[in-house]
Amino acid sequence: MFYRTAGQFKTSYEADHALFPVRQDAYLLGFILLLAFVVFPLTASEFAFRALLIPVLIYSLAALGLNILTGYAGQLSLGTGAFMGVGAYACYKLLTIFPEMNIVIAIAMSGFFSAAVGVLFGLPSLRIKGFYLAIATLAAQFFLVWLFQKWAWLYNYNASGAIQVPNIEMFGITVAGPRAEAITQYYFVLCFVCAMTFFAINITRGRIGRMWKAVRDMDIAAELVGINLMRAKLTAFFVSSYIVGVSGALFVFLWRGAAEANLFDIPLSFRVLFIAIIGGLGSILGNYLGAILIVALPVIIGSVPEAFGIPIGSATVEHLNVMLVGALIITFLIVEPHGLARFWAMIREKLILWPFPH
Amino acid sequence: MKHWIRKAAVSTALVATVMLTGPASAQGDGIYVPNLSYRTGPFASTGTPLMNGQRDYITMLNERDGGLNGTKLVYDECETGYNTEKGVECYEKTKANAVVTQPWSTGITLQVLPKSNVDNIPILAPGYGFSAMADGKVFQWAYNPPSSYWDGAYMILQDISGGDLTTLNGKKIAFLHLDHPFGKEPLPLLEKLSAEHGFELVPIPVGLTEMQNQSAQWLQIRRERPDNVIMWGWGAMNAGAMTEAAKTKYPMDQFYGVWWSGHDGDLKLIGEQGKGYRSISWSVPNSESSLMQDIKKHVIDAGKSQINQGEGEFDSVFYQRGVMISLMLVEGIRAAQEEFDTQNPDAEQVRWGLENITLDEARLAELGAEGMLVPFSTSCADHTGHGGGWILEWDGSKFVKASDLLKADRDVIRPLEEEKAKEYAEANAPWPVNEECSM
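Protein sequence lines correspond, in order, to chains U and E.
FYI, the numbering for the first sequence is 547 to 904, going by the numbering used here.
FYI, the numbering for the second sequence is 19 to 457, going by the numbering used here.
Rather than coming from a laboratory, the hints here were simulated on the basis of the structure.
C-beta atoms are modelled at their ideal positions from N, C-alpha and C, and glycine is treated no differently.
Check before you lean on any hint, since a few could be wrong.
To be verified - To give an idea of the interface, some chain U residues facing chain E are shown, with a C-beta separation under 7 Å as derived from the structure: (1) G576; (2) F593; (3) S706.
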C-alpha cells in the first residue's frame, strides 16, 4: 500500500538502473530533504543544532568515508580519527597562512592532505589484509596523534597546544568561529554533506564502486578478471581519506571551535567505526542511521528525565544512558547483524508486499 | 507489527519535538547556577568531592537562610565526564537561563571562552583555565579567582628557593605535567623564569593514556637527578605519580604539586611514605569552622548531601575547596544583587558582581570561613584577584598548612599575561575589549 510498485514499468536499461527505480523512494528522500532544509531550521533550538543536528551530519560524513574503505573495498581501518585530524590541522594551517582564502575552498583542499596521508598508510594494504591491515592503520593512528602533539608548527606554537578557530566570514556572513550563528553552520554542513553523499552514491554505483566490491568479495578472483588490485585499493584509500579529512575539517571548524591533539585519538576512530558497523557496512543510508543511534540518541535519552521532570542526578543519568545505548546496540545487532540499513531494507520489502505477505 | 511501528513513530516524534523546541531546563523560581560536573570518567575521583562541596554549600544556604537574600539558588549539574564534546553539549543545554557557567576543565574552558562574548554569560573557572584570563580588560566575561596557574607556579618556586629566586641558579627542576592544555599552561612562565634565574628546567610530559603507568617518566627523573620535581597533574595521574615516586624512593620533601595535585585520596594510597609531599593551595580545610559546622548540621546530618561519609570526605581538601568555590560565586551574585537592587540578577549583572568581589579577612570571618580561603578582591582589570596561596604538607595522614601566605611577584607575571591576552584577542578578532575599565 505504502510502497506499491504496481504500474511502475521500466522500458529501458537506463530507467532500470536509475537512482530510484521505485518512485516512493524518491518521495521519501524528498520528504527527508524537506525536513532537513526547511522544517528543522524553522523549529530547532540552538541546542538542537549544536548538540544533535550538526554532530549527526558530521559523524555521518566521517562514517561514510570509512564505509567506502571498509564497507565497499573491504580494507579494515582503525585510523579514521587521525585522518580526521589531518583534515582539521590542514584546514587550520591553510586558513592561518592564507587568511583571505574562502573557507569552502580551504575545507575542500584539506581533504587532499588527508587523502595523501591515507594513500601513504594504505600502501601496506597491497601486501597485507584483514586484521593485519587494521594494525598497520592503527600505527597511523598513534603516529599522527603523536605528530599533532610534537610538531608545534601545526598549531602555530600556541601555549596550550590547541587549535582555535578564528571568526571566518563568507560573503559578509560569519560561518565559522564563535560569532557564527548555529543555523548558518547547520546549512553550511548540510550542503557539504549532501554534496559529498551525492558524490559517494554515484561513485559506489559506478565502475569504480563495482571494482571495489569485487576486490572486497574476493580479491584473487577480481585480479583474474583483470582488475588492477593496486589501483582499486589505493583509490579506495584516496576517496575514503578525502571524505574523512573533509569531515575532520568540518568537525573542528563548523562545530567544535577548538581542538587539541588528543581529540583525534583512538576513541574517535572507534566511534566512527561503530557508526559504520551499526549503520551497516556497504551502505550509504546506514551511516546516517548509525550516527543518529550513536550520536543523537544518548543526547535525547539524557534529556528525557529532565523533560518529564523526573529527579535523577546527572551522573546517574549518564550511567543509565551508557547502559541503555549499549543494550540497544546489542539488540540491534542480534536482530539484524547487517546493521540498521539492512533493517530498513527489510521493512521496505515488507511494505512492498504488504498487505499480502508470503 | 503495524501498531508497534505506529507506537514507535509517535513516541519518536514526541521526543523529537521536545528536543527540537529546546530542553526544559530546571529553572523555576530562583537564580539558576549550573555546573558542568564530572562524577564519571578518569577524573571522577577528584571531581566528585569538588562537586559535592559546591552542591552542599548552596543547599546549605537554601536550607539555612532560604536562599540568598530570600531568593533560592537553583543548583544544577550536567555531567561531562571531563569530555570536551559532552562539555560543549552541556554548555549549550544549560546556558539559556544561567547567570554563570562553570566549565570545569581547561579544554572545555578554551571551547567556551570565545563564545562568552557572544552569549554574554560569565565563566567562572576558579584556579583553572587560561592564566591570561586575569586580564579583565580583554577577557570581560571570564574569571579565575583567587589565583592563576602562573601565580601557582611562581609560588612553588618561591617555596623551593626559600623566598629568593636567585638562589635557584644552577639547580635542576623537573616539570612533570599532563600532556594536555592544562599541563602545558605554566610552561611559558617557567621557561621565562628559568632563563632569568639560571635554573635548568626539564619538562617531562605524561600522555593521557599513560597516566596510570609512569614508570618511563620516573626512570627519566631518576636518571636526571633533579633537585626538585614540580607536578602539574590531575585525576588518575596524581595517584600514578605518587605510587611511582614512593616506589623509586624519590625524596618526598623535594616533590611539589599544583593545587589539583593535593588530593587526600591520592596520598592515602601511599600514606606514611608520602610524608613531606607539598602542594600549593589557595584553600585550607577547616572542619571546625562555623561554616563547615553549618553545612554538617543543615545538609549532611539532614541527609541532603551526596558525600561518602565513611571515607572522611568531609575533612578533605577537595570537598572543602568545592565549598569555597561556591562561596566565591555566591559572593559575586550577592554583590550584583546589592548593586542593581534586584532579587534576580541576570548574567550581565552577575558579571559585574564577579568583578567586584571583596573577600578580605573580615568578610571571610563574617561568613564563618576564617583562614579557609586566601583573601582577595577582584576588579574590572583584575579578574583573578591574585590572593596568593599556602603550602599544604602531607603529614602521613592528612594535609596541614605549612607556610605563611605566599604571593607571586606580579611585576614578573603581568607583562606575560598582557602579552598572551593580546595574542588571544588578535587571533580571535573581532574581539571586544572593555574600554571603560581604566584601572
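Do the hints match the structure? See the list:
1. G576: 19 Å, violated
2. F593: It holds, given that the least Cβ distance between F593(U) and chain E is near 5 Å, below 7 Å.
3. S706: For S706(U), the interface hint holds, since the closest Cβ of chain E sits about 4 Å away, which is under 7 Å.
Hint compliance for this structure: hint 1 alone is broken.
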